[in-house]
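> Single-letter residue listing:
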Amino acid sequence: MATRRARRGARILAAALGVAVWSLIAGGEAAEVMVYTARAHYGQEPAMEAFTKKTGIVVRSFGGESGALFERLKAEGDRTPADVLISVDAGNLWNAARAGLLGKVDSPEIQANVPPHLRDPENRWVGLTVRARTIMYNTQKVKPEELSTYEALGDPKWKGRLCLRPSTHIYNQSLIATMIKRHGEAKTESIVKGWVANNPTLINGDTKVLEAVAAGQCDVALTNTYYLGRILAKNATFPVAAFWANQQTTGTHVNISGAGVTTHAKNRAAAIKLIEFLTSPEAQQMFADANFEYPANPQAGVNPVIAKWGKFKQDDTNVAAAGEFQAAATKLADRAGYK
Amino acid sequence: MGIATVLAVPIAAVVSSLAIPAGDVWLHLWRTQLLELIGQTLLLVVGVGAGTLVVGGGLAWLVVHHRFPGRAVLEWALILPLAVPAYVIGFAFIGLFEYAGPVQGALRRWLGAGARLPEIRSYAGVVVMMTLVFYPYVYLLARVAFREQGAAAVETARTLGRSRGAAFLRITVPMARPALVAGVALAMMEALADFGTVSIFGYRTLTEAIYRVWYGMFDRIAATQLASVLLLFAAGLLLLERHSRGRARFTQTGRRGPVVEPARLCGWRAAGATGACVGVLALAFLLPVGQLAWWAADGIRAGQVAPDFAALLWRTCALAGATAAVASVLAVLLAYAGRLHGTGTVRVAAQLVSMGYALPGAVIAVGVLLPLAWADHALVPPLERALGRPLGLLLTGSAAGLILAYVVRFLAVGLQTVDASLGKIPPSLDDAARMLGARAGSALRRVHLPLVRGGLLTAVVLVFVETMKEMPATLLLRPFGLNTLAVEIWERTSEAMWQEAAMPALTLVGVGLIPVVLLIRLTSRR
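Same order as they appear, the protein sequences are chains A and B. Take the first sequence: its letter number 136 is residue 136 in our numbering, and every next letter is one higher. Count along the second sequence starting at 1, add 1000, and that's the number in our numbering.
For the record, the hints were derived by calculation from the structure and aren't laboratory data. Only a predicted model underlies this, so the values are computations on that prediction, with no experimental measurement involved. Wrong hints could be hidden among the right ones.
What the simulated footprint calls covered on chain B by chain A, stretch by stretch (three residues with Cβ under 8 Å from a Cβ of chain A suffice, anywhere in the stretch; the number is not a length) [claimed, not checked]:
#1 1085-1099
#2 1197-1209
#3 1263-1270
#4 1464-1472
Even glycine gets a Cβ: it sits at the ideal position worked out from N, Cα and C.
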């Protein structure tokens, strides 16, 4: 009994010593990571808490819009307290990397966790969750056989039946940007012009678009799938379903929310550790459960609510295209008259 | 003058972006939509100006010059919409009146599938929306102005055979012009700076284009340059106001004399007056707040936990209070300096500083962020060497920096309000005070301040409430760990989680009501 207690005491002592030594190495302060995150609206992410529980490293987060976080990080320069930047949309991460705000991370673990098309070719950022943007249809008015590709939404049979979010939103800009990388500007412009010719109803907000489809204002639309997942979790009879676009051809367009380690991170080791954990199957499962997004790590499962949509082929164009061709996409939309 | 210089730095940072060559974004905009955007922006500003003038001025006239059922309550209740952020009203409206909303849904059930209302995501929709959100500025200022006019001028017109309506148009309105113009100018500048509402309504303006160029083309320089076009608009508005006023002065002599004796309305006129007030109040306040309450109740049923409201509230109020105090002191100083020095450089400086109001919050925020960060990088290293320990960043992300941004953004509100009140004091009073040996400072304290008390209080409350609601600058510049109610709301609404946002939004409205009600009490005393 006494020996067991002594042993336990010794173990605690050793652990405490370990932590003390480690924190000395880490600069004398309690181990922590400062995260600038554009995913603040999902509340305290369970995966962050799990990380703290596991490693003892405290995660402090500072929320804001992607564009605003970028400006702040840039202005703070080498004095920034941020160690990790979490952003939504690959374009934002690409832009941060281009501005030199994110440093290279050479971690075999991260590279094994996430497929190549969902991370930076130069390893400055990596996807945490996958967001598929695909065709949504009213189940009472449209049969799935009538649907096929993004391009086919320009078919005259959808005239007056199509709802889109305005081109001003980054999700659509990224969709068009990826199409430019795939098909080139000329073909993409003709696809977008096809949508515009169908006189789409423009509604700002993916949830709003889905509600319009359900109410019969339009029959088909393009939105991210997790918005539908959220609605279905509350109302299982909502008459809208997801159709996986371009399965016979290029695959469905995907985007990411993702993370990178800042160039001037003060806690670089802990930051890398955090991202390694966030891309692990354990944390990925938490991301998938929390918001009906798809995990970036294919080893994790999806939320039961969206499991019935089945597996789908992702467009394997590297999501960096969303950044590379973002400006071109915005201009293309303007030229095509897509407001 | 020095103050104006500091405050003008962020605006100068915006204008200075014009010096940087802009790449091909401008050419692209010119080819595709620049003229359309400018046209749309002008249309919006004119529509909102006309709307707020008619609604705000009309309601103020109704409640000051008439007596009808419910007037006592409606007179102050009509100010309440001020406490509701524009994005909340906009969202509640869209939710109710869009095709998929309950109103049109009910229409389709009763009248068949073909029944529909005119599209709410339209020019008319945006103008109605913004009029409902911004009319309280005009109403507040006009109400005070109408009241302070006293009865004499109107009575004179009436004895000379003018009808009530004619007396209103020929006497009351022209005499209240500075207040009306100040209110309408504020509403128009708000409309220029607005991003939340136009983006929900899908209406394209210059401000919307600024965000598109910034976030969609990753070109902040071009975005800032577009913002300086907005400044041109604001300058145009202010110049127009100066010009229209010309050399006319709007002082009111002596004590007020007898107060206006309201005319009793009966029959359909009374019903109409009550109906108009209740209608506006219902649309601008009861409906959105009801919607929020509905969502909040839903959230509570679903077992949602409320965030730590005590701490949030305290921080929100502390920031707003500090900003209101600083901005009103500055407003008084600038307005009084302008009065002392006639139409000289001080006036120009004051106007320049006011233009911050027409800039989108995010643009101002970057205009503040860059100089602060620059100062940090220049000053902190030597300081660190002197003290021998790391200091990180001192100004960037400090509460002081955030308050500076708020002041730059909302000084116009204070300045316009104080200036309108100060303009009513006849210069003869200044002369009398000076002849009796009072210095400028003591004249301000003993003569002017007591006389502009109403206007000053209005300024404090307006700035306080505006600061509480402010979102983009707060998000960008706040210190770590300092969340406010607006940040809490943003974290949910940015992903359209309106039910989750309802609780903090209701709290924000509730807290905003306190100073508004206080203002009403204090300015109603005669």
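> State for each hint whether it applies.
Do the hints match the structure? See the list:
Judged by the Cβ-Cβ criterion of 8 Å, the stretch 1085-1099 of chain B is covered by chain A as claimed, because 3 of its residues qualify and three suffice. With 6 residues having a beta carbon nearer than 8 Å to a beta carbon of chain A, the stretch 1197-1209 of chain B meets the requirement of three or more and the stated coverage holds. With a cut-off of 8 Å between beta carbons, the stretch 1263-1270 of chain B has 0 residues touching chain A; three or more are needed, and the interface restraint is violated. Counting residues of the stretch 1464-1472 of chain B whose CB lies closer than 8 Å to any CB of chain A gives 1, which falls below the minimum of 3, so the coverage claim is violated.
When each numbered hint is compared with the structure, violations occur for hints 3 and 4.
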